[in-house]
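S.K.: The lines below spell out each chain.
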Amino acid sequence: MIDHLIQYAYLVGAVLLILGMRALGSPKTAVRGNLIASLGMLVLVVATLFLQGVVDYPVIIAGVLLGSAIGAFLALRIQMTAMPQMVALLNGFGGGASTLVASGELFGYARAGTFPEGIVPYAIVAGALIGAVTFTGSIVAFAKLQELMRGAAITYPLQKVINGLIAIAVLALCAAVVIDPHALPLYLTLVGISLVLGVLLVIPIGGADMPVVISLLNSYSGLAACATGFVLGNSALVIGGSLVGASGIILTKIMCDAMNRSLTNVLFGAFGAVEEAGPAASGPQGTAKGYTPEDAAVIFANARRVIIVPGYGMAVAQAQHAVRELSDVLGEAGIDVKFAIHPVAGRMPGHMNVLLAEADVPYDKLVEMDDINPEFPEADVALVLGANDVVNPMARTEKSSPIYGMPILDVDRATYVFVIKRSMNPGFAGIQNPLFFNDNTMMIFGDAKKTVLQIIEAVRNFAS
Amino acid sequence: MLDDPVVALTILTLSLFVGFEVISKVPPLLHTPLMSGSNAISGITIVGALLAAGGSDRNLSTVLGFIAIVFATINVVGGFLVTNRMLAMFKKKPDKP
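Keeping their order, the protein sequence lines are chains A and B.
The working numbering puts the first residue of the first sequence at 1, with every later residue one more than the last.
The working numbering puts the first residue of the second sequence at 1, with every later residue one more than the last.
If you're looking for bench data, these hints aren't it; they were derived computationally from the structure.
A couple of the hints might just be wrong.
In silico DSBU-like pairs for lysine-lysine, Cα to Cα no more than 35 angstroms straight-line [as the list claims (entries may be wrong)]:
(1) B/K25 x A/K28
(2) A/K253 x A/K365
(3) A/K338 x B/K25
Just some of the chain B residues that point at chain A, by a computed CB distance under 7 angstroms [what the hints assert, rightly or not]:
(4) V6
(5) I23
(6) A68
Owing to the predicted nature of the structure, the values given are computational and were not obtained by experimental measurement.
Cβ atoms here follow ideal geometry from the backbone N, Cα and C, with glycine treated the same way.
Excised from the complex, chain B in its bound form (with noise of 0.2 angstroms):
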């Protein structure tokens, strides 16, 4: 589907405005979460990880892709968990007399 240049930058424009449209107007407080969240996304280069070491031949792509799979999955899982932890300092504030 990717394969046509037409479609492909469709998608990439219409998901630039999407980014841009959902992250305006978030208060300063919430700005490293959404860095460090959005930081975890950007980690989706693990599905490409995961075709570069899937293929059925062994060879420089796998290994290449081995080490970009472990480099996107310390992204993802490191990006979501620390975000999820300073989340969680933020949440049990109102609970305070």
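Bound conformation, chain A alone (with noise of 0.2 angstroms):
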């Protein structure tokens, strides 16, 4: 009896999840959708906490609070401009867990003598792998992100032999685990061998393909999870676990359709690697014009739109309240200022909205990239802001660059073009930006917060 009962409570939690992601989707409904699907959360654990089996209560609660206290400390003390690294963090705990528990179900069977039956081998495997992928990858693009390691591309010679090696290492070692599940020494090692390839997966993979493999960081801990669903034949688990798989696989392809590369060519691309950095630095060169933020107040002065281009330079710089204060400025000047925002600016999806909207930037302000490139001619001065391969002209024109192709914003189209920039070096590509020496493109070097505020300054002054 109390088992069909938690097998409906099962079911209206799984609907909450599915009501709660939908609603999530939409700006008017988000907040109410984060709230359904942390019920539909709620309803899943209680009701498995009636399953019978489940008995240790001392160890859940325990475990239960030192896990919310640690996830509450770091949602509430987490600075917007981290979040990357927050959400890299929290997939890679998700996929800890999924191979946690996966090793512990193979263990049991260990332990009692009995070989797991059915696709519950299979499962075992996939979830361990998957989940310990997760995991280290995770941890690499978080320190990647946080900066505690070289956030560009680390390649070496040989590089994807290597990978695919372990890759058939891995395959094979997940056949044996199938054949034989009580061989433990091969399943641990399988653990390993996943634990390093989520390593190597991530460490080739330079700053600006970040997003992507957030993106997909997120795809795979959802998969893992709903692996381990299939291990303890729970639906629950593999409901919500393939929900996150599908969501994960299509932010994935969002952001790899505007980079305009395929998936394959972001993970195995070594885009931005050392060797190719040589013969594309030796692109377009010229002078570029530097300029300073009077200059700037004196165009402003004149501009009636303005389109400012945000990108990861922002974020570094936590520039966002000044780029608003700014925005501020300009508005009451009687300017036009709108945003343009390239989907893979900064690093994860939905990187600069968040920002912008920390510093209470009207999100009807921020306009895509498809919205804002035909006013791009009409507009007087484009402000563009540590964005760089994003405003790339190459793309549109040059067939031997590596960026060609990729949808950027148009920013050479409007009468003047700022850019604020901490030096000349080429972005994390190593790709030279002919934008920088166009004749309208004026050139401002320094921090971007410090900047911000320099020209705001020069604008008031200019006014008075």
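Mind assembling these two chains? They're in different frames, but the hints should get you there.
M.R.: Here's what the structure looks like:
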């Protein structure tokens, strides 16, 4: 009887998760969606506590309290600029948990001396493998984003060959464990190599490709949870896990499309690797013209339409509040200010939207690439803030360029272009940007936040 | 019920379709909250962790289950809270003059 009630509760929980996810997809209902999804999760957890065989409540309570405390601490303390690494870290925990669950089950079978049947052994190796790759892959992504390690692509000779051999070894070990689930040394080797594989798969991926990696790891963490659902014969896990798996795949595809690259190319292309930077840097050269914030103030004084293009540089400099202030100052002067958001600007999907929302920029001012591009020819000023590859006109014309074909923001079609940049160093891809040498481009070198504050100051002085 | 692979695969396939349908056409504005929200849902593996840790005998599986509960709870609680924090920022905008 109670088991039936639990199954009904699972159904209710799964439906709440689906409704929550759907509501999360629309600005008006997103807050409610998040609450519905968390309610669904609560229903699933509480129902599970009533399952037969779940009796050791002290262990459960201790774990839930400890996890909740750490999770709440992280969620409430994290800075909005650090959101990409937060998401990466949380993903890693989810993946790690799935590996532990799959392992615990396998050890349980070994202790009891019974063999898992049907699809269970396959699900155990799948859960352990995907979970372990997600765990270490997310930790590497976290380390790169937190700048604990070099953010650029790390490559070495025979990288693809080595990864390929490891992948083959992993598959062979998977098969061996499925055939003999009691061979624990083989299983532990599988988990160990999967952990290594997670590291090796993420280190060759450079900074600007992070939105793809984070979406993909998100998908993996769902698929790992899904696999543990099959291990435990638990429908709630299968449904919840596959929802996340599907949504992660869609986000990954959106990110890849926004770069006009295939997923394979992002994962194995080692874009921006050292050996590619050499010839690429020999692209168009010229003299970029350095200007001052005061020069910008003069131009702004005569401008009527300004489009601000934020990039990762804005996040690094924590310049979002200064940028909001600048848009307010310009707005008060009667200038129409909009923000152009490239889908892969920053280090995770929607990164710029979150930062600008934190700084209270109204979200109707944030315009997507396809909608804003026709407006650049009519804009007096395009202000590029720490963005580089997403505004590189070579993507339109230069067939030999690694970013050829990537949809970009057409800032070069504005009357004047200001580019605020720390130095003339090429972007992460090591590709020179001809935009900087255009006649209508004015470079202002400096930290994004300081420079924007100086421009605000100069605009105010100029007006008074 | 999931002992039958056909039933299990049916549920998996249909759930994937539901996932694709529910998520496509999400505006870029919400990409991050959607990701962190679905991230929290991937912590659903907590259900498995409860089963692993809650068994009557205490052994290695209990230890693994305990760590899994901690990990998964961090994922769930952290994910939902941080999503809520982000969405609260989006929400207050229209009230501003």
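S.K.: The structure should be examined with respect to each hint, and the outcome stated for every one.
M.R.: We went through each hint and held it up to the structure:
1. B/K25 x A/K28: 15 angstroms, holds
2. A/K253 x A/K365: Judged against 35 angstroms, a Cα distance of about 26 angstroms means the pair holds.
3. A/K338 x B/K25: 23 angstroms, holds
4. V6: Cβ of B/V6 sits 10 angstroms from chain A, so the hint is violated.
5. I23: 4 angstroms, holds
6. A68: 4 angstroms, holds
Checked against the numbered hints given earlier, this structure breaks only hint 4.
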